[in-house]
Amino acid sequence: MTAPIKNRFASTRRSFLSRSSVAIVGVLALPGGLAGCSSKIPPMIVDATPVNLTAWRFQTLAQLSEMILPTTDTPGAITAGVPQYIDGLLASWAKPETRKSFEAALDMLDNVASKAHGAEFIELGDGAQVSTLEAYEAACFGKDAYDKTDADAAAKAGYRGLKRVIYRGYYHSEVGCTQELQYELNPGPNARIDAPLSEVGRSWAL
Amino acid sequence: MAEDFDVIVVGSGMSGGWAAKELCERGLKVLVIERGRHIEHGGPEYTDMLQPWERENYGLIPEELMDHPTWATVDYAITPDNLKWFTRFEDAPYTVEDGTKFVWVRAHNLGGRSLLWWRQTYRMGPEDFEANAKDGHGVPWPIGYDDMKPWYDHVDRFAGIAGSQAGIPNVPDGIFQKSFGLTAAEKVLKEKLEENFPGRRLIDGRCAHLTQPTEEQTALGRGVCQKRLHCNRGCTFGAFFSSVSATLPAAQATGNLTVISDTVVSEIIYNAETQKAEGVRTVHSETRAGAEYRAKAVFLCASAFGSVHVLLNSQSEAMPNGLGNGHDRVGRYITDHIVGKGARGTILGVDDRYYEGRRPTGFYIPRFRNLSEPGDGYLRGGAFQSNSRRLGPDRLANQPGFGAQNKHAAREPGSWTIDLGGFGEMLPRADNRVTLNPTRKDKWGLPLLHFDVSVSDNEHKMGEQMSDDAVAILEAAGAVNIERTGRINEPGDRIHEMGGAVMGDDPTKAVTNKFSQLHAAKNVFITDGSAFPSGGCQNPSISFMAMTARAANNCADMLAEGAI
Ligand SMILES: Cc1cc2nc3c(=O)[nH]c(=O)nc-3n(C[C@H](O)[C@H](O)[C@H](O)COP(=O)(O)OP(=O)(O)OC[C@H]3O[C@@H](n4cnc5c(N)ncnc54)[C@H](O)[C@@H]3O)c2cc1C
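Quick mapping for you: the protein sequence lines, in order, are chains P and B. The first sequence begins at 949 in our numbering and counts up one residue at a time. The second sequence begins at 1250 in our numbering and counts up one residue at a time.
For reference, chain B alone in the conformation it holds in the complex (with noise of 0.2 Å):
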């Protein structure tokens, strides 16, 4: 059988980028299939120029949108430039079991939500990836730390990330360009941290932004960051990594690479006699046309459960659950983060000091408990990931007062408010699941994803805890006006969606392997969220690319010796 290509990519986002770039590189012919639009780097979408009086609204958006169940609990997200990359919920429905809730985020366009993420990026640590067999939640990790970090490496090298050396093993330093630094009051904050509580840290956020970018970086047009925050608007600088300023422009350099857009996979077709894939089934994204595509591998990287979605729907006479879902795995040990509550507070003694330009990036204090310090009466944890400031303006509008006195105490910057928050982890659990909904179906004639997933005691636990550290840490630090804040988040609303299709040594209990190879089918391999038995409690993108990078250059090597 004639294939058109070596190897397939379904998804253009963070993961897909990254599979496409490696395999390009190494001198396969790649195809990449993005179910959603074209977007152009730098093209008419990009609004990142505007002044502030040029934005429709000045940057308000209209109220009955965010009333809109799509946006209604990720409003923390949602400005009126990016609102346009979220997909709607009534575009791409889902169901939930009766008394849950699931929040799915989802970009379809090219980039995916790369062009959407807040860019921070933390490794994950050896203890993340023990964490499973340790404690016996989940399906135990089959690499370790060691196996991961050059690939790490390897995609710090390329992404670029902003960071500052720390020496903490959980949270594992990389090769990092300029850090952005602190501010006055959080480095108040630290110095009170570090004397008070003794192995509690506070380091810089580290973020995927170029502040020293190297020649391959400068070669692929990306420029240094101008510290704007106009992030969500689209970079022209190509500061910040995404898919579509770095990782799919290196692959297209090579020459290797086509890219079709607005074209969903349906599913895997898979060949019951070689045991492997064949390729893909499309449907178009408008016209609904259908179309077969053929390669030696298929990479999912859909987004942990957009590749679910893919595999659940690739029924065969051989595979009727699905492919990989002989043993009723596919879909299981869903996890997102949660978001501990925390507290709110008033810096002072640094009222001389402020700042200029708006970094993209806050503070990071890393998880602490059940490492150096027990948790009460849970497993594992929470890190802090906060930013500080000193108010605006706006703060007189919501007090009474008026006037050419009032007008000029603005001219003063506010009080300097730190807000810290955070995330945890949820424990992976396999009753934490996603099916396919039996009978309603999209416009694409796919059946419904149908979500079952909630937070448990453990979890509810940690967040209590990281809201009395929050105040604990504030006090330290002689905060004053403190005042809890947050609460725990319904699921998925942290957009750190994983699992469904975990990785692990015993294929009853895992879909794939330590490879991202599928079990059932060895030259399909699953790259993102997905395949993560557990996700920490760091921001996951960082993991899911030096993965997906890592598993694309074994591809391309068992490739190469005909192993697959």
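Excised from the complex, chain P in its bound form (with noise of 0.2 Å):
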């Protein structure tokens, strides 16, 4: 497996300040080219420092993760440790296909944001955000999604995979197996193959 590309640079928000300088030259050195707003500081949505993404891009998972599985009764997915997972499985998991098509997905969501707001993805208001992921996911489950000859098929692609991990980090959680929905490690003999759904409850987690 190719050794994750580290982020050297962000870990927390003071320490992203103090190295912010190195952190240009060291971007514009990588390969392929990385999203303009690497260089900026990004917004602090959760206090994490992430191991393969760049501190803007896994801030903007950890903003489009909570956005898709917020805070409501029960814990949302920042709680969950989604961004963690993630940013784990891009190392553990990924193939660099997918890595990639997962980087470019936060990308082309920054790209949207732009251009309808002229500003990136986490800076903008609440209803900007959510009109955005709008019309980002409009783009990326539409029905030219799949046209592979559309320079964004594979940003479009890695949303659709990004966003199943993203399901798949909350409903693996804790909080999402025991909080959000239930699940049970040893059921026992008693448990019954058919039950009414009023006195199961709610749906299991796994």
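Since the hints were made in silico from the structure, they are not lab data. Take the hints with a grain of salt, since some may be wrong.
Stated by the list, open to error - A few chain B residues that don't get close to chain P, going by computed Cβ distances all over 10 Å: (1) Glu1312; (2) Asp1347; (3) Glu1379; (4) Glu1444; (5) Ala1538; (6) Asn1562; (7) Gly1670; (8) Ala1725; (9) Asp1755; (10) Pro1756.
Unchecked claim - Partner residues aside, some chain B positions facing chain P, computed with beta carbon under 7 Å: (11) Trp1367; (12) Pro1418; (13) Ala1433; (14) Arg1477; (15) Tyr1604; (16) Ala1658; (17) Pro1662; (18) Ser1664.
To be verified - Covered stretches of chain P (in silico footprint by chain B; criterion: 3 or more residues with CB under 8 Å from a CB of chain B, positions within the stretch not fixed): (19) 998-1010; (20) 1014-1024; (21) 1040-1047; (22) 1058-1071.
All C-beta atoms, glycine included, are put in the ideal place defined by N, C-alpha and C.
Assembly of the complex is requested from the two constituent chains, each provided in isolation within its own frame, with the hints serving as guidance.
Right, here's the structure in full:
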């Protein structure tokens, strides 16, 4: 497996600030190029240090995950550790193409935001974020989304894959399994194969 | 010549475990030789007590690994937990004839693939044992269902099979523990199937799980199934049947068992004067050190092609083409099951029903083609073996939508989905065969096996009709969103491989006789899938177990009588 491109720059907002000039050089030197916003300081959505994603993309992912599975009467994707789960998957699970497509998906989200609102996704206010994500999802799941000749084809496929792992990360987490839905490690011999939904209650997480 | 043991058993998997147990219980000193590593039942390789969030990558297998040739076509069976029990292609390679494909799935470890199996257990029926004689394909079976029935019963009692009595002739009932039952959607399907297609039946999936453990089972440390479906992580409860949870401990308890692991049996030592085997030669898996072990009889239970490999490698002056292969019949009549194409659909009207726990089985629609209803231009047939479930939260991941409303929508289970797919019988054909590769060798110095196996028109036609049948059955149940699924698989990838040393009365056509003895050396018994002249469409392992138990008891009688 190829070594993950480690983001040496971001850990917390403070360390990012102190090393931001190094960041610019480092980012430009990376093959393939990265979103221009990598050199900017991302707003802190989640207080965690990515190992594989750039700080910007990681914070974008955190915002995206939380918007998909938000905190309601139960904790949302951030409390469930979804951004860290996916950041880890990039090295421990994803093929290079998958990793690139996830990164492209996050960058495309910024492009959609910039085109509509003149700022990156995590810099937008709540309403603009919602309308951006709606437009973005429409593009990623729409009729043309599967057209391989489209310049954004990989990014759109990347988003569809990313959304699946966001769900996986949430519903396999302790929060997803024990607070949002239910899970029994050992259901036991008396578990009923046919039972009224009203008695079972919520969906099984798994 | 002094023998070290009464009987040597080659392989410790589904079949080898039964040979060891039966022979040891008959008072014989048994040596089991296993090429793979030792596995401790309930030991560190079992991961069944991990919570979902404690599993590496939450259960995702690294994508690059899934591109590996060993796993690419059996991805349906692999999880991060059982990956370590699948033998990698490069560790034990084989070759295939140009223009053909063959997937040979192995588990070189104590217990073999009894640690990996899905535990589905259906007896072969009278028609299956008669098929070759009736339609002229393959070597006629030298035994019938009546010969096997007492041994199926014997296996049921010890292994523990959950199922329901159904009275269907060609999937005979057994001695069952309490069945797991059907889901609400399956009950709808059953009612509509049996109403619209008289003669067709839908029954509870039968599986080797304890639901009412007997004293004998409890004494071995086995417990009741907890409906976890963590089976592929190993079962600390010993609730599903495996060699390591059941047969090997039972053999061990007699004090008559010796097991050596990490030891590859390279050949059987044959004495041309006595026309008997004297024992086996081995190579250590790691050190490659050679050794010989002697016994009064040898049981080949190395899995169908593992056993064929040993026979073909056992070349002597008297038998230059391999033991029992003077007539070039060893390695022929290879079969697997085909996976008939199927269909998937949504069942309506039972959205107020759900389930608890994770049932370790599904439901079964026994074969009806060329039994109660004709097949469309082909011989034999297939059965549907499927499952139903309500879609989980991830259904919402595959469509647009986000936010609180979406999250809360996942609190309701999704629609009921049934995937109808199954297994079809492959006709036994002499030219579907495995031979030794003339030039390439493995790291133990043994020639590689070379496969030349393909599916015929008969299987394609069967597969097509299974797809049409699946659609019609779903339509009759009022299902919506019906989609056709599946493809005819590569041979081998259903992991129900059989043939290669088939049994039959005629020693010029068959390799073993009706007691599973090699025609050419009466103290060599072959009892795994290699001896099966045809394979029905039922999951075969229970038949391998019954055949092995039968042969082991015959062998014990013969040894007692001095007949071998
Ligand atoms: C994922 C999966 C699901 C399955 N589901 C089902 C199911 O639901 N129902 C069903 O009936 N079947 C099922 N099967 C098939 C079932 O596992 C096999 O039919 C069964 O294990 C075959 O038994 P065996 O003893 O012939 O071979 P194995 O169980 O493979 O054991 C053979 C043993 O011999 C050893 N060996 C091989 N060569 C040598 C040698 N030269 N020297 C020493 N040792 C050797 C091997 O290492 C191995 O331990 C499934 C298999 C898999 C992989």
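Handout entry: Unmet hints by their number, sorted upward, for this structure
Key = Hints 1, 11, 12, 16, 18, 19, 22 contradicted; others consistent.
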